[in-house]
Amino acid sequence: MNAAERIKIQKNVCDARRYLLEQPTQKIVECLSRVLDDLRDPQSAARITLAGELPSAVGFSPETTREGLARGFAAWNGATLRQLIERELGPLDKMDQTSSCRVSGFDSTAILLAGAIPMPTILAMLAPLVLRSPVLVKPSTHDSVTPRVFAKILSALDPDLGSCVQVVPFASTDHDALTAFLAAPCIVATGSDTTIQNIASMLHPTQRFVGYGHRLSVAILGPDAVSSSNITRIANGIALDVALWDQLGCLSPVGIYLVHDDPDAANRLANALAQALRKAEGDWPRGRIDAKTAAQIAQERAEAEMRSAAGKSVHVYSSSGTGWTVIREEDATPRANPLHRFLRVAPVRDIHQLKQALLPLSPHLAAVALDGFGAATPSLVRMLVELGASRICLPGTMQSPPLAWHHDNRGVLTPLARFTDLEL
Amino acid sequence: MFPSMKTNTDPQRRDLDTRILAWMQEASEPKNWIPNEARFEELSLACFRFQFKHCESYANYCRKIPKTPDSIQSWKEIPSVPTEAFKTLTLTSFPSENAVHVFRTSGSTAAKRGELHLDTLELYEASLLPTFARHLFPDIDPKKCNAFFLAADAQEAPDSSLSHMFSTAAARLHFAKSQFFLRQGKLEIAALISELETSISQRTPVALLGTAFSFVHCLDALRERKLRLQLPPGSRILETGGFKGRSREYPAAELYALLSTHFGVDSSHIVNQYGMTELGSQFYDSNLLAPEQPRRKLGPPWTRVLCIDSETDREVPDGEIGILRIFDLANTGSLIALQTADIGRKIADGFEVLGRQTGAETRGCSIAADALLLENARERR
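From first to last, the protein sequence lines are chains A and B.
Numbering of the first sequence is given in the working numbering, commencing with residue 4 and proceeding in unit increments.
Numbering of the second sequence is given in the working numbering, commencing with residue 843 and proceeding in unit increments.
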């Protein structure tokens, strides 16, 4: 990106901010609601584009992409957007009127994207607009499709509002472009903890920085989960959570903890998960992976086989290729997970042992799929809240978070907002 | 210097070691550096029989696959064990009480480290010396070079296979001068620069050896001092270990360009060594040995490398990318067939490494040095 392009972008941002400040919030939200409605409709041009282009661009199979989009956008609509705004910012009809607390956005919000999944991208681009902040987006290297599609839908519905979103791809090595990008008063970034740390170190203390670092999710199952009436349903639910987006999002479980005093219960669960993943492979085939990932999967499987050969209670269930893997572990020792439909089932004796196993994960804990605890469920929930889980849900729903989910235990809009209390 | 030699009591093992050592000793003569297929086949199958008999967990693994000494015909079929398994299991083909030395993969105390238990260092050293000399000094007598190591010596880092390798080379190759410059976690940069400047004034070629990341620390120090050296003609650099997920990472071409700029050593004289703690032998870039040919990794005649398709567990066609599976007869005391998580492809009689295992479960020697250096930096603050 050259200097002239950067100056042009800067001018566009100023124009966009001016335009947004003149618009009633109701009008902006109306348009954004229509964007969500559009994305929810499988026949809309936007959905067809996403479903058509993401597989070749990102590597997901067409079936997985279609299912992921359907489930991800199912509960996102105008009504849920309004609920989100009202929950975090107050009644929509009062936002532009006199009230004791005024809410405003920043002159611009720059968003550095890192992931391969469309829903977080859409939400990240949409949220600043609610606060009348123009959006600059650097697309992820994994997904250049979603930001473009979002900008296109918005422009089609309201060209002026569409001009408030600028997708600015530039190479990570383009230091001048990065410096200009990071001059925005509000920066949103997703990525590894190291990336987040590096970006934070490049910002001035007066800039608002909203970083989303490394997160992971797990499933925690109680004794009832392996009963004959529940085991297949739960295994199918977890298989869906793993299969969608090929386990690459922070909402896919990387580990399954089974709290049970019978060691054989973990074998039954691992076997049921293997069957469910086999079926899922037929319905939603895994996408392509590179040689390095395939090597890691082969390495972890063989390592587990060696532990099994050495007499440990470890069992490997897997597809003939690298399509899916379930490893029944002997204990809950943290181990590497190469993802792409790779699960470890860790048996734990009781809740105390479970807590010990989860403690090292707690700074990174996102969602927890919870099932099979019956009357003990509230105490499990209490423990998970203390550990910092940002979402507790049922197996099979992990990939369909509500629009208002407190990603990283925070609000969706409040981190991007400036609040002014009037005491006149 | 290394008193840890021990006579093997098992006659079968003694016989194997004797035959393999004979090959290694013959190979010190360049004309005997021959990848004798029949010899490798016979010795590798004999090693497999021995290791199947003496390493119970490996035997169980082989039975499960199932590939046993009675069912295979070729060394290519010998079941390989993943390098990750060395983190969780002690894989030896001798009674554990006979271990005289343990090499450990690098890593923090929090991460599980891989371990190679040895009952003798004889094969290890016999393998490394001719390979090291052949690939790093094919055009010059090591006695005419100064060897400076950006690493700790074996006394300071007894569980580092890299330090052991460097110390063995320093002790046996009779360099004009040799010195280690990583002491108590600190890179002694002033002393190194002084020795390099002396070498320049005396026109003595220098062999500068270390991990990729130790070179990065060294380059930082040279840049801070605004110093660019021009090492004497014939000087060379050996870098090994890669970056393995460290926060600062240079592509090889960029690192080599910086090394060339700051040490005055052309990239044609920079050699990468590919090795791992779990292996007794190492592989080197071919650029000094065969400068006219494409750069590729070459190993000693008692090793073989296959590129495997992860999906089918079969060899990929020549030139295609696969995961590297290594067979090394220097590993008689552990297991000769190792499955790495590194990817690469075959090039003529050698191979190219395209990516090493990274991420949370990092391994390799570069981090050990880096961890020491970073720890030291923290202490200084």
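The hints are simulated quantities; they were obtained by calculation from the structure and are not laboratory data.
Treat the hints with care, since some could be wrong.
Only pairs whose alpha carbons sit at most 20 angstroms apart, straight line, appear in this in silico PhoX-like list of lysine-lysine [what the hints assert, rightly or not]:
#, chain 1, residue 1, chain 2, residue 2
1, A, K315, B, K918
2, B, K895, B, K906
3, B, K873, B, K895
4, A, K30, B, K906
A few chain B residues that don't get close to chain A, going by computed Cβ distances all over 10 angstroms [what the hints assert, rightly or not]:
#, residue
5, D852
6, K873
7, N878
8, E883
9, A927
10, E939
11, K1068
12, L1071
13, S1109
14, D1155
15, T1182
16, A1190
Note that CB positions come from ideal geometry on N, CA and C, so glycine has one too.
Evaluated hints:
no., hint, result
1, A/K315 x B/K918, "28 angstroms, violated"
2, B/K895 x B/K906, "15 angstroms, holds"
3, B/K873 x B/K895, "35 angstroms, violated"
4, A/K30 x B/K906, "66 angstroms, violated"
5, D852, "21 angstroms, holds"
6, K873, "37 angstroms, holds"
7, N878, "30 angstroms, holds"
8, E883, "24 angstroms, holds"
9, A927, "4 angstroms, violated"
10, E939, "18 angstroms, holds"
11, K1068, "22 angstroms, holds"
12, L1071, "28 angstroms, holds"
13, S1109, "21 angstroms, holds"
14, D1155, "8 angstroms, violated"
15, T1182, "8 angstroms, violated"
16, A1190, "20 angstroms, holds"
Of the numbered hints listed earlier, those contradicted by the structure are 1, 3, 4, 9, 14 and 15.
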